[in-house]
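Chemist: This is what each chain is made of:
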Amino acid sequence: MKDSLFARNPSVLIFLGLLAAFVAAVTVLGEGVGMGLISTSFVKTLGKTLCLCLIAIAMDLVWGYTGILSLGHFAFFGLGGYMIGMWLMYARTETIVAASLAQAEIPPTPQEIRDAIGTQIFGVVGGSDFPAIWAFAHSLPLQLALVVLVPGLLALVFGWLAFRSRVTGVYLSILTQAMTLALSLYLFQNDSGLRGNNGLSGLQNIPGAADVPQSLLSIWFFWGSAAALALGYVIAAFVVSGKFGSVIRGIRDDEARVRFLGYSVESYKLFVFTLTAVIAGIAGALYYPQAGIINPAEMAPIASIYLAVWVAIGGRGRLYGAVIGAGVVSLLSTWFTGGQVPDLPLGIYTIKWVDWWQVLLGLGFVLVTLFAPKGIGGLFDLVSGRRAPARHGADLGPDTGSFREKEAEQ
Amino acid sequence: MTALLEVSGVSVSFDGFRAINNLSFEIGHAELRAIIGPNGAGKTTFMDIVTGKTRPDSGRVLWGERSVSLLKMSESQIARAGVGRKFQRPTVFEDQSVFDNLLMALRKDRAPWKVLAYRQSAEDRARVAELADEIGLGDQLHRKSGELSHGQKQWLEIGMLLAQEPRLLLVDEPAAGMTLAEREHTTDLLKEAAKTRAVVVVEHDMDFVRRLDCKVTVLHEGSVLAEGSLDHVTKNQQVIDVYLGR
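These protein sequences, in sequence, are chains A and B. If you read the first sequence in the working numbering, its first letter stands for residue 1, the second for the next number, and so on. If you read the second sequence in the working numbering, its first letter stands for residue 1001, the second for the next number, and so on.
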C-alpha cells in the first residue's frame, strides 16, 4: 500500500529490525537464557537504557515535534515507577509477612497481616498505617491502571491550566520545572505516604517469582522494555506522520498561523502533552523494577534537563535521533560515572572521569547546539543525501528560511 | 440582514492610543472590497478584531445570516466559522511540502482525534492538486514550501485560504514585494475568489487597487473617512488631504 505507515516512514522498519537484532544478540550473549557473556547487571543496564529511549521518544514528540520544551517529563516517569513500585513492595512484603506469621500458633487474621505489612513498609518513616494513596496497592491490575492514569491525569490538568492561559516558550518550561520540583519536594517528606527520601526499594524482587533467578528476570524485563520501545516508536511514528504530524509541526513553527487555519492549538498541545506523559509513565514503570529502587531524587528537575540534553544531542524532530541520543549518552554516562574509564594523567593534574564526565557532557551539548543543530541523527541526512545549504549564517532568501533556487535544487 | 459581516461602533485603544474609533463597516456575501488608508489608520487592527486576535473595548461584530457575535469566539472558532486571513508577510509552514500545507488547510474536521484518524482520500488529493494548479504551483507539490520564491509563497498562502473555503477572506497587502506579472496573477485570483465569497483586501498600492476595480473604503485614524468607487474617493477633498496629497 502506497499510503501505509511503513511505506511513508522506512526508518520505522529499519529501527524495528535493528531493535530486534539487538534484542536477539543480548538474549544469546546474556546470562538468563544464553551463553552468559553479558552479566546480569549489564543486561539490566541495557533494559533500563531502552526505557530511557522510550521516554526520549516522548520528549521528542512534545519538544522536537510540537515545540513544547517540557522540563517535567521525568516527573511522569517517576510517578509511573512509584505506581508499580507500590504494588511490588506491598505484594513482596505480604509474602514475607505471611510466611513468618504462619509459624504462629493461632493463624493470623487478614487485618493482622495487613498491619504487619504496614509496620514493615512504613516503620522506616515512623509509621505503620497505610496512607489513603495505598488503597489499591494490593491489586496489580489497579496499580497498572494507575501507572497510566496518574501521570495522564496530572498532565491533563496541568496542561489544561497552562495551555488555556496561553503560556508558551520559556515560561512554560519554567512552569513544568516548577511542577517537577514541587512534586519531588513533596515526596521527600516522610508524611507524603511514599516513604519520604527512602523511596520504595526491593523492587527487583518480583512477587510470585521468588524462584526465578535475577538473571532470567532481567532478560524478561529487557524483552518487555524492548517491546514497549518498539510499540512506543510505532505509535509515535503514526502520530507524527499523517496530517496530525503536519499540524503539530505547524504549531511548533507558527502557532498563530495554525490557529487561523481553524485548529484549536490548545487541544492539540494538551493531547500531545498527555499522551507523552502516559508514555513516560509506562517507561518509568518498566525502568524501576530493573533499577530496584526509586526515590524522590529521581524526579529532581535535573533529570528532566538531562532528558532534553539527550534529545538535543540525538537530534530533535526525528524519532530515531531521540533514541540514539538517549541510548548513547546514558550508556556513556554509566560508563564514565561507573569508574571504569581509566584516569587521564596530565602530569600536574589527573583527570578523573567520574568528576569530569559532566563537564564533558556539558561541552558536548554546547558543541552540538553550535555546530550540529540536527544532532547525531543529522548524520543520516548525509547518507540519504538530504542537506541544508551552507549559509554561514547569512540569510540567503527573500525571507528567513528560504533557499535560493539554485541551492535548493542541488 | 443582507450583510455577511457587520461591524458597528467598534472602538479599541492600546495604552490610551485609539487605534479604532467608533468604526462601522459592512460587507455583503459575494463582494470584493479594498481598504486603503495611511499608516496607523487601523487597517491591521480591524483585521485583528474580526479574526479574534484583538478584543475591542466596545462595539459589535456580527456574522452570517444568524448574526452571531464573533467577539465571544476564539481565533480557531472564527476561522472554522468561515473567516480566512492572509497576513502581510507570507506565512506558510516552510518545513513542509506544498502538498502538506494545502492538505492541512483543506476544509475538514479539525478536532485532534479526527485529524489523528484522518487518511488521505483520492478526492482530497485531487482537490489539493486542483488548488495547486489554480495558484500556479501544480508542478511544485512536493517541494518544501520554504524553497519557494516570495511570490509563490504568497500564492500558496492564498491557496491555503481557498482550501479553507472561507466565506470571508481578509487579505493584508497581497501585492507587496511582487513583480508585475505576479501582481496580475494575484489580481485574477482575488477577483475569481470574490465571485463566490466576500473578499477584503488591505492595500497601499493604488495601481493594484485600481486593477481590482471594486468598492473602496478609506480608513483614517480608526474610522471610515470615505466609501465608494476608487474615482469617487480619490476626488474626496478629505481623502486627498490625509492620504493622497502627501
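I should point out that these hints are in silico values taken from the structure, not numbers from a laboratory. Since this is a predicted model, take the numbers as computed values, not measurements. Treat each hint with caution, since some may be false.
[Stated by the list, open to error] Label-pair distances were calculated between CB atoms; the ranges are:
id : chain 1 : residue 1 : chain 2 : residue 2 : range
1  : B       : Gln1120   : A       : Asp381    : 20 to 30 Å
2  : B       : Lys1191   : A       : Gly362    : 58 to 68 Å
3  : A       : Tyr171    : B       : Ser1024   : 30 to 40 Å
4  : A       : Ala297    : B       : Asp1109   : 39 to 49 Å
5  : B       : Ser1024   : A       : Ile235    : 47 to 57 Å
[What the hints assert, rightly or not] Quick list of in silico lysine-lysine cross-link-like pairs, DSBU-like style, CA-CA up to 30 Å:
id : chain 1 : residue 1 : chain 2 : residue 2
6  : B       : Lys1072   : A       : Lys243
7  : B       : Lys1144   : A       : Lys243
8  : B       : Lys1072   : A       : Lys374
9  : B       : Lys1144   : B       : Lys1108
10 : B       : Lys1114   : A       : Lys243
By construction, the Cβ of each residue, glycine as well, lies at the ideal position given by its N, Cα and C atoms.
Chemist: Provide an ascending list of the numbers of those earlier hints which the structure does not satisfy.
Modeler: 8
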